[in-house]
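Use these hints to put chain W onto chain L, whose structure you have.
There are 2 protein chains.
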Amino acid sequence: MTGIAMPNPDPAIMARRDQIVAGLREIVKGEGVISSEDERRAFETDALTAYRRLPLAVVLPSTTEEVAEVLKFLDREGVPVIPRGAGTSLAGGALPQEDAVVVGVSKMARVLDVNLGDRTMRVQTGITNLGVSGAIAHEGFFYAPDPSSQLACTIAGNVAMNSGGAHCLKYGVTTNNLMGVTFVTMKGEIVEIGGDAMDAPGLDMLGVICGSEGQFGIVTEATLRILPMAEGARPILFGFPSSEAAGAATAAVLGAGIVPVAIEFMDKIAIDICEDFAHAGYPLDAGALLIVEVEGSPKEIDEQLARIGEIAGAHGATSSRQAKTPAEAAAIWKGRKSAFGAMGRISDYICMDGTIPTGRLPEVLKRITEIVEERGLRVANIFHAGDGNLHPLVLYDMNDPVSLAKAEEAGEEILKACVEVGGCLTGEHGVGIEKRELMTTQFTEAELFQQMRVKSAFDPNWLMNPAKVFPLALRGDARKRAA
Amino acid sequence: MTGIAMPNPDPAIMARRDQIVAGLREIVKGEGVISSEDERRAFETDALTAYRRLPLAVVLPSTTEEVAEVLKFLDREGVPVIPRGAGTSLAGGALPQEDAVVVGVSKMARVLDVNLGDRTMRVQTGITNLGVSGAIAHEGFFYAPDPSSQLACTIAGNVAMNSGGAHCLKYGVTTNNLMGVTFVTMKGEIVEIGGDAMDAPGLDMLGVICGSEGQFGIVTEATLRILPMAEGARPILFGFPSSEAAGAATAAVLGAGIVPVAIEFMDKIAIDICEDFAHAGYPLDAGALLIVEVEGSPKEIDEQLARIGEIAGAHGATSSRQAKTPAEAAAIWKGRKSAFGAMGRISDYICMDGTIPTGRLPEVLKRITEIVEERGLRVANIFHAGDGNLHPLVLYDMNDPVSLAKAEEAGEEILKACVEVGGCLTGEHGVGIEKRELMTTQFTEAELFQQMRVKSAFDPNWLMNPAKVFPLALRGDARKRAA
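Residue numbers (full-length UniProt numbering), protein chains in the order written: chain L, 1 to 483; chain W, 1 to 483.
Chain L on its own, in the form it takes in the complex (with noise of 0.2 Å):
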């Protein structure tokens, strides 16, 4: 992936930087236009870190309005936009590029309405992940999709790469739960999609806009479908003495119709690593564990629990320990959201995102630990088993470009892996530079143009976001064939 090519700056774009940025001051006043060196250093990277362009301008509007003006504005000079929520894509998908203006959405964070009967929620696109939970946790209410970044993420992300979470099994990634948004095209152009029906007239937009990975436009309002809370919740822990025995037992309680809100996985390097620094409780003796969480009443909690426990012994589980306590729960909790962090400390990884059929779980983690250890290195696999989508940590030595190369190499063969039995290169990263060149291993060059024309019909002169998602090597004359 450090092959991977950004497209040159245009000299013409670069060369007009100071009556660009003279021209977004006269639409967003005082500290909303970020122009200095120093402070555009702030924006050069996402969670993606390996790579670095330093945009031209930042641009921080404060309403719709003002998103639409700049972007007719931007039309208008040709200069393409960069459209950033909180800057946490693992895939690149928020990478600027030197000739394009970096358009987010961080000053823009309100709840504008709630609506328990309803069960809706209207925010700006701005407003963290969490944040949106926090507003109406009180009510007994919460919003379903939870990324590891929550704290940090925007709605305006989760909507832009489709984002799921531990908990999606049951309740959905962000396209389940999003019912409508308020849409700024390249052309200033303000759309209303979707609302607060179940079903609208006219073409559904909203799927497609979702996930788009601000290909299309802005999102800079949106409507959430909310959750009343369930009246309890219970992980518990089971060890495996081998990870196919896991995966086996995963694709078991799937399908004898049983719903657990998540089901996690780790294998035997991640455990050791987590445990260490969560102090979880985790089994040291085990070659792989589940967390499985339920919910409901506590006697609902009981009884699936104990169908769950009676599946998992059938597939070897060696040890099982259910959370007695809220801090009992919390500290298992801390290992899993912790784990990248945790292993962090103690290498570096790349992080793949595929996913797969969950009952070819079994296979697949056979298929990746021989990937890895062929080209000499170590894989820790954790990842949201319930859903089948993986995400294996590909252990290296950044100051060994040999070990790195490897590495990448790695990931690529298992997403290809992934592709092969019937998944997907991204469960919920995204595609964004990161997996641009590996999409020809997912699609046909007629599905990757028919996907090209319908970004053409939003954006026709591709400038949202354009060097991502679509491999370069379809551009061009391809790209017109596909428009």
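One thing to keep in mind: the hints can contain errors.
Which copy is meant is left open, because identical chains are indistinguishable; a pair holds if it fits in one copy or across any two.
[Unchecked claim] In silico EDC-like links for lysine to aspartate or glutamate, alpha-carbon gap of 20 Å or less:
id: 1; residue 1: K170; residue 2: E295
id: 2; residue 1: K334; residue 2: E295
id: 3; residue 1: K29; residue 2: D18
id: 4; residue 1: K170; residue 2: E300
id: 5; residue 1: K406; residue 2: D348
id: 6; residue 1: K72; residue 2: E445
id: 7; residue 1: K416; residue 2: E192
id: 8; residue 1: K72; residue 2: E26
id: 9; residue 1: K187; residue 2: E445
What the hints contain is simulated information worked out from the structure, not anything from laboratory work.
Then chain W, alone, in the frame of chain L:
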């Protein structure tokens, strides 16, 4: 709506009819091409029977590849295509035009794969909605969306119209239960969209295809999300003194955080007619009734019904009756499911289909009565109250043109009233031709042009079901602006 214009047939196409039929016969052999006038008559209308157009020809391919060859041929010939499932559209979505070829999927009705572990099922889209659930019932699974026409309607039609049903309050509509499709464009390209996984890289084109009313292409296969049946389910019947009281009770149940499987509403006229037909034991002294169904274990059902009973009582329910046996439950549902047929025995009617935020039910019900009575007509209300999907039946006399004109005028006013309170022109029946010219009451021109640009991205020459959905006045010059 009798005033709705259809485009004049293109004489150049009409003159080439024999040649077009011959070309189709080279692709689809034997009885798969229907050209005699008698046989074509069976395809001249759908469930919006006031409108009829004899199609140029009808073709019923047997494979995805045949569909692709047929569309490629018709695209080359510049002949419009009318995709058809079972022709049960209530909005004229499957209405032919004289210069168009109907392409039906009825010969492609096989189950291709059932995967209980992943909870997915792959079908050819000519299978009926009930056929899907029938194929997995013995495993304890079902497919959730359940339109009233489920015995006849196809998955192809369900996908095209994003169909709902009585039970979608808990489980969502088609788009919430669709995971992937095989899709053929007008150019004859076969495109795989979505799949088994919760999210996929690239654009999520599934949502915009689901509900595109046959204007993008033809869906020949679908991967559906299937669900384990609940342990049990039980309906309860409440009589209320007025429609307003029943509407307020619905809003209160949902506001309390209870999610029944269904909340169905009938007003006084509907109760009388349905009871006379089905002998379901409906309360004849009530001004309105609600059927509320919940599911779970016997104990869960008892608990939920007790809470719902308290809320209904607080909102003035005058009677309540739980189904004590499966036969009683079936009788309660029989009355509701046969309501439209029972109504047809005593009066002609037009069935509207709007949605509103559930909190606005009482006031909108009042407004509907005013709108209809102002015109000297009667209205029966039978609908999915839980998700705010109204189906007011405006009663009129088919032999009196003045009465029909008044009914259609009332229908339009009712839909506008839905839009005014933040609802939609259509809940589950689609726009078709019926609501085409009303789309401007719901959307701005900028919004409609954005939708039309997306339509053009799939069907640049507007050959797929072209006369539907978008107001005719926006075509022509305006269409060029949109393209």
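To see whether the hints hold, each was checked on the structure:
1. K170 <-> E295: Answer is both: 10 Å inside a copy and 17 Å across each meet the 20 Å cutoff.
2. K334 <-> E295: within (18 Å within a copy, 34 Å between copies)
3. K29 <-> D18: within (16 Å within a copy, 68 Å between copies)
4. K170 <-> E300: both (16 Å within a copy, 19 Å between copies)
5. K406 <-> D348: Answer is within: at 13 Å inside a copy they meet the 20 Å cutoff, but 73 Å across does not.
6. K72 <-> E445: between (32 Å within a copy, 18 Å between copies)
7. K416 <-> E192: Classified as between: cross-chain Cα gap 17 Å, same-chain 38 Å, threshold 20 Å.
8. K72 <-> E26: So K72 and E26 pass the 20 Å test inside one copy only (13 Å; across, 52 Å).
9. K187 <-> E445: between (28 Å within a copy, 14 Å between copies)
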